[in-house]
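Q: Chains as they are written, first to last, in the working numbering: chain V, 1 to 182; chain C, 1 to 250.
Warning: the hint list may mix true and false statements.
Simulated pairs of lysine to aspartate or glutamate, DMTMM-like, Cα-Cα distance not exceeding 20 angstroms [what the hints assert, rightly or not]:
| id | chain 1 | residue 1 | chain 2 | residue 2 |
| --- | --- | --- | --- | --- |
| 1 | C | 46 | C | 79 |
| 2 | C | 46 | C | 195 |
| 3 | C | 245 | V | 161 |
| 4 | V | 152 | V | 118 |
| 5 | C | 245 | V | 96 |
| 6 | C | 245 | V | 143 |
| 7 | C | 245 | V | 29 |
By construction, these hints were calculated from the structure, which means they are not laboratory data.
Predicted model only: the values in this text are computed from it and were never measured.
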Amino acid sequence: MFRHSTPTPTHQLAGIMCQPGLHLLACHDTTAVDAYLHQYAGDVQSLRPDELVGLVTRESALIDYLSIRANLFLQADRQRAPLLPPYFTDHLDRLDQRGGAVSVTTRLYTEFYRHILDGRRLILMADILQQLTTPTARQLLTDFTASCMQTKTSLVLLTSDANLLRDHADLVHLPPTHLWTH
Amino acid sequence: MRFIERLFMGIGYHWRPYLLTGLTAVLFTVGGLFCQTNLMIENLAKNSFTHHLSEFNTVTNTAHRAILQITNAHTHQQDRYTAWFWLVLTLFAAFTMLIAWRLERPRSQELRAYLQAGISARNVASQNALAAALSFLTGFTLTTLVSLLHPSIFSRLIAQFNRHTFTHALTSSSNTSIPQLKRALSHLFDGHITDFNVHSLIYGRGSAEQLLNTLGGYSLILAFGTTIVIIVHFASCYRQARRLKRSLTH
Chain V
1 MFRHSTPTPT HQLAGIMCQP GLHLLACHDT TAVDAYLHQY AGDVQSLRPD ELVGLVTRES
61 ALIDYLSIRA NLFLQADRQR APLLPPYFTD HLDRLDQRGG AVSVTTRLYT EFYRHILDGR
121 RLILMADILQ QLTTPTARQL LTDFTASCMQ TKTSLVLLTS DANLLRDHAD LVHLPPTHLW
181 TH
Chain C
1 MRFIERLFMG IGYHWRPYLL TGLTAVLFTV GGLFCQTNLM IENLAKNSFT HHLSEFNTVT
61 NTAHRAILQI TNAHTHQQDR YTAWFWLVLT LFAAFTMLIA WRLERPRSQE LRAYLQAGIS
121 ARNVASQNAL AAALSFLTGF TLTTLVSLLH PSIFSRLIAQ FNRHTFTHAL TSSSNTSIPQ
181 LKRALSHLFD GHITDFNVHS LIYGRGSAEQ LLNTLGGYSL ILAFGTTIVI IVHFASCYRQ
241 ARRLKRSLTH
């Protein structure tokens, strides 16, 4: 079911970055997800420039007093706006909402597309999808995967959700064995 | 997102600490102007005293004691106003540090968000430091404008205070009264024609005149205040950002 694990997070992520799209990293619980997320982010950022790696953690990373539009284009060029999904382009009013008053779905879309617009090559995401309904989570993953393929970005979703891992068995990786103490 | 837009929206969101910075700036400016104006009056009075004395060739023993007493009183007053100014400056710096420290908690989530979005710690710290500097400048400008509306009123009040404290310093140190001092110094005027009398020799000006018609020390207060606010807020935010950045990856 699972692909073979590689020696270090950096090696593993280097392999993943060669294959744009969605990847799942299997973790046994939410504590392990947080620990691995920081372990992987720290490991990869020590070797690669920060600009390449984006993080989507369990805590919101939106600036409360800025609109979603401003949050999306904090660093990015406005000319990259065509990369935004129908979630935003079909509901332009969402772009004018304040960052501190949005749903989890909007928060995830904003944080993910902020990294896409900013040109990140690798995005590490904690399993926040459990807070969403199944259809919403599925739509979100479809949008994210399509954008990843279009921009040649790799999205690594660290998750302990057995259903999600089963549904995407071909995309699942395991953390290197020496990290299993978490 | 442009830096300036972020700056003003951040000020609007954290309006309480920035309002407090503005109010602290008002108090600092009032205190600073008071000390600096007094110091300038004292410097002018001392210079005037030294200049007037140079017109006399011979000095008697009695007059010499009185001259020494006046010179000591001027030096004492200069030291006092300088110490007061440093005290005001220290209090302002302490309040600024307190505000910056109190701002750390409500700013934490926003700071983490900026860092995750790829904004550098230096950039966010600059934004916060500039926001605080703008608040300081607002408080300083308002106080300056009010003081410039009726400069003579404020300078007269300070001149009266200055003369009162100088007289007190002059008489309290040796229990000599002003009439006694005037008598001791009046011998200097024997056989001399001068454009000043014994009163203006002691005080540097006549009883209805002022040495300074405006307040002084604006540029010094602006320079010290802006520097303190920028350094404190930048250092506080930068340190917090570096700490948060480490916690994101370790």
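Q: With reference to the structure, classify each hint as holding or not holding.
A: Against the structure, the hints:
For the suggested pair residue 46 (chain C) and residue 79 (chain C), the alpha carbons sit about 13 angstroms apart, so the restraint of at most 20 angstroms is met. A threshold of 20 angstroms between alpha carbons decides the hint, and for residue 46 (chain C) with residue 195 (chain C) the separation of about 17 angstroms falls inside it, so the pair holds. Pair hint residue 245 (chain C) plus residue 161 (chain V) does not hold up; C-alpha atoms about 28 angstroms apart against a cutoff of 20 angstroms. Simply put, residue 152 (chain V) and residue 118 (chain V) have alpha-carbon atoms about 13 angstroms apart, close enough for the 20 angstroms limit, and the pair holds.
Restraint check for residue 245 (chain C) and residue 96 (chain V): not satisfied, since their Cα atoms lie roughly 29 angstroms apart, outside the 20 angstroms limit. For the hint linking residue 245 (chain C) to residue 143 (chain V), the alpha-carbon distance of about 29 angstroms lies beyond 20 angstroms, and the restraint is violated. At most 20 angstroms may separate the alpha-carbon atoms for a hinted pair to count; residue 245 (chain C) and residue 29 (chain V) exceed this at roughly 24 angstroms.
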